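Protein chains: 2
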Amino acid sequence: MRLSRYFLPVLKENPAEAQIVSHRLMLRAGMIKQASAGIYSWLPMGFKVLRKLENIVHEEQARAGHMAMLMPTIQSADLWRESGRYDAYGAEMLRIKDRHDRDMLFTPTAEELITDIFRAHVGSYKDLPLTMYQIQWKFRDEVRPRFGVMRGREFFMKDGYNFDLTKEDALHAYNRHLVSYLRTYERMGLQAIPMRADSGPIGGDDTHEFLVLADTGESEVFYDSAVTDIRLGERDIDYNDKDQCRAVMEEFTALYARTDETHNELKFNEIPEERRRSARGIEVGQIFYFGTKYSEPLGATVQGPDGKPVPVHMGSHGIGVSRLVGAIIEASHDEKGIIWPEGVTPYHAGIVNLKQGDAEADAACESLYNALQALGLEALYDDRNERAGGKFATMDLIGLPWRITVGPRGLKNGVVELTSRRSGESEELPPEQAVEKIAKIYAGHRVSGL
Amino acid sequence: MRLSRYFLPVLKENPAEAQIVSHRLMLRAGMIKQASAGIYSWLPMGFKVLRKLENIVHEEQARAGHMAMLMPTIQSADLWRESGRYDAYGAEMLRIKDRHDRDMLFTPTAEELITDIFRAHVGSYKDLPLTMYQIQWKFRDEVRPRFGVMRGREFFMKDGYNFDLTKEDALHAYNRHLVSYLRTYERMGLQAIPMRADSGPIGGDDTHEFLVLADTGESEVFYDSAVTDIRLGERDIDYNDKDQCRAVMEEFTALYARTDETHNELKFNEIPEERRRSARGIEVGQIFYFGTKYSEPLGATVQGPDGKPVPVHMGSHGIGVSRLVGAIIEASHDEKGIIWPEGVTPYHAGIVNLKQGDAEADAACESLYNALQALGLEALYDDRNERAGGKFATMDLIGLPWRITVGPRGLKNGVVELTSRRSGESEELPPEQAVEKIAKIYAGHRVSGL
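Read top to bottom, the protein sequences are chains A and B.
Under the working numbering, the first residue of the first sequence is numbered 229, with each subsequent residue one higher.
Under the working numbering, the first residue of the second sequence is numbered 229, with each subsequent residue one higher.
Honestly, the hints are just simulated from the structure, not real lab data.
This one's a predicted model, so the numbers in the text were calculated from it and none came from an experiment.
For every residue, glycine included, the Cβ atom is placed at its ideal position computed from N, Cα and C.
Among the hints, a few may not be true.
As the list claims (entries may be wrong) - One-sided and incomplete, this derived list gives chain B residues near chain A with beta-carbon spacing under 7 Å: (1) S269; (2) W270; (3) E382; (4) F480.
Unchecked claim - Examples of chain A residues toward chain B, derived with CB under 10 Å: (5) G258; (6) A296; (7) M297.
Start from the sequences, fold in the hints, and give me the full structure.
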């Protein structure tokens, strides 16, 4: 993409309404624009990141054997009355009357509807296990929406649901989700720590929240510092293998890590003092096992091996996809702007032409731009007639991990400059080698296209 | 995907509520399930097709130089009051009050909001031309929703908006969209004929609808039969070249082709009698040029080259993505079921194992399944313990274009059977050759992943 033709409305001033850094930087980098309180438009660069996160979630869900589907945003109130949640949900649910005066709502979550689909079509234990998920817009009518996409009213969320014959199978689904969520966050360049949490309006016995440590987090968290040393990394995990998945779950949840809702001072004090930590965390996902809480009232049963009907064991699992855009920025920025992890950057590299209009510099930039594209890498080429300082400031603000700077002086020596946004370090090298190096960096960070 | 683990709730009976073939087949093939009147859940196979169509639209929009972004589904009524459409839109607009009693709505289209984004961020003619689009869920509260996804209330739509300095530039945007829409439909295996239409509540001077001929179409159309012989095909078109785009527009719109709203009997009778046709058509897209209709009331002006503010010339463009799933089925099916065009099929090939449990047949199927996957092709492998007749009926119903049938008898001679869903023709050939042939067929039909 050429910056001269891109819609990237960068702001020079800090917007007064933005209280936290991700909100400020998303507005300043031209990623979002508020449409109403807590409701945002995603401008081209913001949408590009959102879509990459969506695709990473889809890819990791497919790898775990879960099936993508999609439920509508507007649902009838009837099912919610059946489960008892229509009244229980309170003012956060956006309630709507259609033209025939029927009670509808904008779905904040979809346990009822997926259970309705299940009970209509699944009759036998032989059809289990079954896990389906969607990535769809949700609405929660927050009293005081704030912090940009971190606590908006309309938000983009992955929600998944598993149906199993036994508690044991359902707990495997729980563990499998824990593993696949860890992989999802790591691909996004995030460390998200599973912490024992409270189940809230979803209900159920077992639940873990995934928290990204950041000063601006809404939750107070308490943990053993050793938990931050664990990584999933490149381990090859068979999602059908119950023991493997359980082992990962146990490894990641053995050490103390809890939100304030479930914090236990006595247990916390058992941690060696030098490893006791309290900090702030951003919630980016949650998994639940809630047994037959929905299957019983909604009549989601299957015929068991003995011919008798049994209610299925269920769980649900959520990743806040739009909120993750903010969380990644909270976890990865400096005073100049965003620093995108390679796995989610909107463009793989920026090209800065120091002397637009200079025939040689222009030709070198074009050639770099084309060479990167030929390798399936996306470059953002700043081809505007601006001073170098302004171009650097824009690149730093929008946070592409790698920048190639092209100027007449370097070209005389056959080199361009390759700069890491994160470290600030630069090296001079011939253009072909810069392209090769960038291609190598991104070899492990490919997401399927838009 | 193995059918034994897939969620594909195929119905044996014709659902009573489905009046047209696409609705019937989408329900029978387990693609959708009604959630409320005119509102559907997309089950895994339905979602897979929907997502492919979405990706084709994204790819073709990017090729034309248009930028993807995303606007929220819930919008404030304020902007719609400013444009005067809040009252004009009538009962089809889903009106909502949030918890603070503010008037909101579920967006049926987004001219107001995109214009608001434009006026906030674009100030100079140098920032033009600019075209942005989104693919987002919309809602129209139809009195009598029917025909499944063809006339639902919640629907998935691409809507794009161009901003230009002059009428001439805006007409180039119009022509460019016409070309890129033609390419989009052709990739989906559809012939969609641009027909002069009425502009309805969007307004404006110039508008064409794209219609797919089908008996179940909601519109009566009149055309010169010669128009159905024109194809875009593999022509290489430079979307920045005004003359090239205009030439394509003229070629495709020179012959008489109109909906009943703009039909002119006198002009129609000028067509040689043997080429005069009246038929039914399904509307799958529409493009508009409406000049300054929104930019003037909403104050979307730029500073022109002479320093004076000028309202921008605009157009908007829509493709009904969820409706296209139905339209493709209306245009491509037989009495046994759906016949997917190669460009949009949920799976590239089906594998039918005639003797599940037979070691040799099972091994041959696994090997075919893996060989196709290794080439990036998706297979649906019917590995259930069902009789051959049932397996064939399911494959015919869900309509994958190519089926590989594997049985002990063929394997003895080293062959499997490759069958075309469209022609019904089969040939016997060694498994490797079947894979090669399928790979060759799909070489020109790749869509970026999920």
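task = Closer than 10 Å between Cβ atoms is the bar; does G258/A clear it against chain B? Give me holds or violated.
result = Holds: closest Cβ of chain B sits about 8 Å from G258/A, inside 10 Å.
ask   = Against chain A, is F480/B within 7 Å by beta-carbon distance?
value = violated (27 Å)
inquiry  = Quick check on W270/B please, does its C-beta sit within 7 Å of some C-beta on chain A?
reply    = Hint on W270/B: holds, closest Cβ of chain A at ~4 Å, below 7 Å.
key: Satisfaction of the A296/A interface hint, Cβ to chain B closer than 10 Å   = With a minimum Cβ separation of about 6 Å from chain B (threshold 10 Å), the hint on A296/A holds.
ask   = Does the interface hint hold: is S269/B within less than 7 Å of chain A, judged Cβ to Cβ?
value = This interface hint holds because 5 Å falls under the 7 Å limit.
Restraint satisfaction for M297/A [CB to CB of chain B, less than 10 Å] = Result: holds, 5 Å to nearest chain B Cβ.
request  = Mind checking the CB of E382/B against every CB in chain A and telling me if the closest is under 7 Å?
outcome  = holds (5 Å)
Checked against the numbered hints above, the structure violates only hint 4.
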